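With chain A fixed as given, assemble chain B onto it according to the hints.
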Amino acid sequence: MRLSIAIGSAVALLGCTTLTPASFRAKPPEFDPIQGGPVVVLAGYTEPEAWRFNANGITFDYNRNAFSEDLARLVSGALSGAGVAVGEGGDPITVRVVYLDFMFQGPCIVDYAVKYGESAWAGGQARYESSNFATACREALELAAHDIVADPRTQLHLGED
Amino acid sequence: MRAFTFFTVVVLAAGCAGTSSLDGFPLPPRSRETGAVFFVEHQPNDTRSFDQLIAEAMNRAGLRAQHGTRPAGVDYTVRYIDRWYWDMRTYLVDLRIDVADAGTNELIATARSYQTSLAALGQTHRSVIDTCVRVLTEGMDAELGRRAELRASQPSRRKQR
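Respectively, the protein sequence lines represent chains A and B. Note that the first sequence covers residues 1243 to 1403 in the working numbering. Note that the second sequence covers residues 777 to 937 in the working numbering.
In short, the hints are calculated from the structure, not lab data. Here the structure is a predicted model, which is why all the values come from computation and not from measurement. Careful: at least some of the hints might be erroneous.
No more than 20 Å apart at the CA atoms, straight line, and that leaves these computed lysine to aspartate or glutamate pairs for DMTMM-like [to be verified]:
{"#": "1", "chain 1": "A", "residue 1": "1269", "chain 2": "A", "residue 2": "1389"}
{"#": "2", "chain 1": "A", "residue 1": "1269", "chain 2": "A", "residue 2": "1360"}
{"#": "3", "chain 1": "A", "residue 1": "1357", "chain 2": "A", "residue 2": "1291"}
{"#": "4", "chain 1": "A", "residue 1": "1357", "chain 2": "A", "residue 2": "1389"}
{"#": "5", "chain 1": "A", "residue 1": "1357", "chain 2": "B", "residue 2": "882"}
{"#": "6", "chain 1": "A", "residue 1": "1357", "chain 2": "B", "residue 2": "877"}
Derived Cβ-Cβ restraints for the label pairs, each shown as a range [to be verified]:
{"#": "7", "chain 1": "B", "residue 1": "879", "chain 2": "A", "residue 2": "1280", "range": "27 to 37 Å"}
{"#": "8", "chain 1": "B", "residue 1": "864", "chain 2": "A", "residue 2": "1361", "range": "48 to 58 Å"}
{"#": "9", "chain 1": "A", "residue 1": "1377", "chain 2": "B", "residue 2": "921", "range": "35 to 45 Å"}
{"#": "10", "chain 1": "B", "residue 1": "847", "chain 2": "A", "residue 2": "1361", "range": "34 to 44 Å"}
{"#": "11", "chain 1": "B", "residue 1": "864", "chain 2": "A", "residue 2": "1360", "range": "54 to 64 Å"}
{"#": "12", "chain 1": "A", "residue 1": "1325", "chain 2": "B", "residue 2": "851", "range": "39 to 49 Å"}
What the simulated footprint calls covered on chain A by chain B, stretch by stretch (three residues with Cβ under 8 Å from a Cβ of chain B suffice, anywhere in the stretch; the number is not a length) [said to hold, decoys possible]:
{"#": "13", "segment": "1275 to 1282"}
{"#": "14", "segment": "1338 to 1350"}
In this text, a Cβ means the ideal position worked out from N, Cα and C, and glycines have one as well.
Only chain A is shown next, with the shape it has when bound in the complex (with noise of 0.2 Å):
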């Protein structure tokens, strides 16, 4: 019996654990207020969605998708906290994640595309230098959503009609 339970607790420390956006609990950017909208933000999707992440040599798996809507989220509390107009009929802003990574010892890379109305696709990518992956990785997201809404294209977007 104990020898189950030390091998159960090995496997839960060690094993091909998911990550989900709630193990790094982004939270929204915070900004000035912004004049423009109304805009709606949307997830964009990739394939294939099942991913990895390597965090010092321990694998984990994760939804790319489930990335891409938590920049979504990111990104609409960070316009609607500005003052943004967000919701359903407001010109669509695309957003996705390529590619979450975590390097040796930090950084956490987010690889991010982003659309706006029918446009293509620009990336881009934030980073952040910490030891601790959960650390790293909720400041690369939350970065991400930063770089997004302070990018001139969003803010040219925000101002058309």
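Relative to chain A, chain B alone:
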């Protein structure tokens, strides 16, 4: 029975934790078929001329890669992150090579090789670069298949004696 369970769990856990890993996704076919120009950007902290080594490896793989001064008409930008660690000697613990569309900056391919100190024995940073370039040009499955074939073709030390 206990021993069997224990070893099964150890084997399963070892497949997910604390091992070397290879990850990424390859270049889309259009980027390899049209004679596109790749430019490897030098990273400011790099003192080992990785930009030159990566460009050379990509050229050996049949791509048109350049480094140094950025020429006009670049189709794809190549960036890298190298992480080194000291364990009785300094070795390349982690290398990631990204390829982004020069026009949109969207990540179109990436390769990452993480190796433990033990796994890095007998490897050079040039061989790790070659591995990453093979992931970019041929994909993960081809590289893993190539490794499996190499292992199968090597007689065990016991047999050699």
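Here's how the hints hold up against the structure:
{"no.": "1", "hint": "A/1269 <-> A/1389", "verdict": "holds, 14 Å"}
{"no.": "2", "hint": "A/1269 <-> A/1360", "verdict": "violated, 28 Å"}
{"no.": "3", "hint": "A/1357 <-> A/1291", "verdict": "holds, 19 Å"}
{"no.": "4", "hint": "A/1357 <-> A/1389", "verdict": "holds, 14 Å"}
{"no.": "5", "hint": "A/1357 <-> B/882", "verdict": "holds, 11 Å"}
{"no.": "6", "hint": "A/1357 <-> B/877", "verdict": "holds, 15 Å"}
{"no.": "7", "hint": "B/879 <-> A/1280: 27 to 37 Å", "verdict": "holds, 30 Å"}
{"no.": "8", "hint": "B/864 <-> A/1361: 48 to 58 Å", "verdict": "holds, 52 Å"}
{"no.": "9", "hint": "A/1377 <-> B/921: 35 to 45 Å", "verdict": "holds, 37 Å"}
{"no.": "10", "hint": "B/847 <-> A/1361: 34 to 44 Å", "verdict": "violated, 27 Å"}
{"no.": "11", "hint": "B/864 <-> A/1360: 54 to 64 Å", "verdict": "holds, 56 Å"}
{"no.": "12", "hint": "A/1325 <-> B/851: 39 to 49 Å", "verdict": "holds, 41 Å"}
{"no.": "13", "hint": "1275 to 1282", "verdict": "violated (count 0)"}
{"no.": "14", "hint": "1338 to 1350", "verdict": "holds (count 6)"}
In summary, the structure is inconsistent with hints 2, 10 and 13 from the numbered list given earlier, while agreeing with the others.
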